[in-house]
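Asks: The chain contents come next:
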Amino acid sequence: MDRVTDLASKKAAVIFTKSSCCMCHSIKALFYELGASPAIHEVDQDPDMEWALRRLGCNPAIPAVFIGGKYVGSARDVISLHVDGSLKQKLIEARAIWF
Amino acid sequence: MKLTQLEQELQRARQQGIFISSSGEQSQSMSGNGALAFDVEYGRWLEDHNRRINELKGAVSNHAGDGELRIIVDSVVAHYEDIFRIKADAAKADVFHVLSGMWKTPAERCFLWLGGFRSSEILKLLITQLEPLTEQQLLAIGNLQQSSQQAEDALSQGMEALQQSLAETIAGSLGSSNSSGNVANYMGQMAMAMGKLGTLEGFIRQADNLRQQTLQQMHRILTTRQSARALIAINDYSSRLRALSSLWLARPRE
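Residue numbers (numbering that gives the first Met the number 0), protein chains in the order written: chain A, 0 to 98; chain B, 0 to 253.
Simulated from the structure, these hints should not be mistaken for laboratory data.
We put the CB at the ideal spot given by N, CA and C, even for glycine.
Any given hint could turn out to be false.
What the hints assert, rightly or not - Just the calculated beta-carbon pair ranges, DEER-fashion: (1) A/ASP45 with B/GLY197: 49 to 55 Å; (2) B/ASN49 with A/GLY56: 41 to 47 Å; (3) B/ALA34 with A/ARG53: 31 to 37 Å.
What the hints assert, rightly or not - Partial list, computed: chain A residues near chain B (C-beta under 8 Å): (4) CYS21; (5) ILE26; (6) ALA28; (7) VAL71; (8) SER79; (9) GLY84.
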């Protein structure tokens, strides 16, 4: 759990993914499109990390998106936040992007 | 000749299906046939939707007050939630049927994206149909269009990655014959491919989530009267596409 929080605080935008997860690919693509450079952590070889994400309440565990160290949600949440403009706002506040 | 016979059988099955479902009994033809069940439910939803839009049109042409308009507009928006729920169940039962768009008419299928319409295209339509908009509204709708476009592109990229991954898995299952190791390889790769197909449902869910969120955000940006015009415009556009499909299907052939 600490490893997750620790990693999540290291960069403005952090995404936990699995290399086999194509939805993760979509969320990464969205962040790149917005000009954010998220830190990507693949948890394929790290069941402890995946378990820790679940314990933190990340459901589904993958992808798990953190902005400014705070858990923002999974794919569904990120898409919803992008539609109402909140995603960009959060990224700007966390200084992951500037406009 | 064969095509007509198939169409007649499908028609008969549909009528049977409708009859059986209204009597409340489960039947062989309905259970395990998610595609047919969905087609029927969608047909009913569409009828219901058209009825509500006609009610809305009546209220608008009778110069109904904002209060009355709001009630009808809210009911139409709430009714949209129903079809997304129905589609979610259908995608669980038969994801390929939803993806195929066979439950829509041919002209609508031209514009199919991940099992439904593109929100960004709807918004493009609305910008032209909804003038005059305040500057603030124009900005907000513009942003909404951009956001929905970006989300659509992101989901499309994920789908491409899925396709690529699936192709690689199937290719990886090919190999020289006459090797016992290859049976294990085949089974393993097929199991992986099955797993990948299973993620399709998630993509449809997120595409529908995007459609739903965009509709709701549009509703927040517009006034009640503008929302009414927007919902009517969307319905008119879709009806026009369906009419085009009928013309197309009935066209004289050499």
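Asks: Each hint should be assessed against the structure and marked as holding or not.
Replies: Against the structure, the hints:
1. A/ASP45 with B/GLY197: 49 to 55 Å: Because 22 Å falls outside the window, the suggested range is violated.
2. B/ASN49 with A/GLY56: 41 to 47 Å: With a Cβ separation near 42 Å, B/ASN49 and A/GLY56 satisfy 41 to 47 Å, so the hint holds.
3. B/ALA34 with A/ARG53: 31 to 37 Å: 35 Å, holds
4. CYS21: 4 Å, holds
5. ILE26: 7 Å, holds
6. ALA28: Result: holds, 4 Å to nearest chain B Cβ.
7. VAL71: 15 Å, violated
8. SER79: Hint holds; A/SER79 Cβ to chain B Cβ min 5 Å, cut 8 Å.
9. GLY84: Holds. Min distance 6 Å.
Violated hints for the displayed structure, listed by number in ascending order: 1 and 7.
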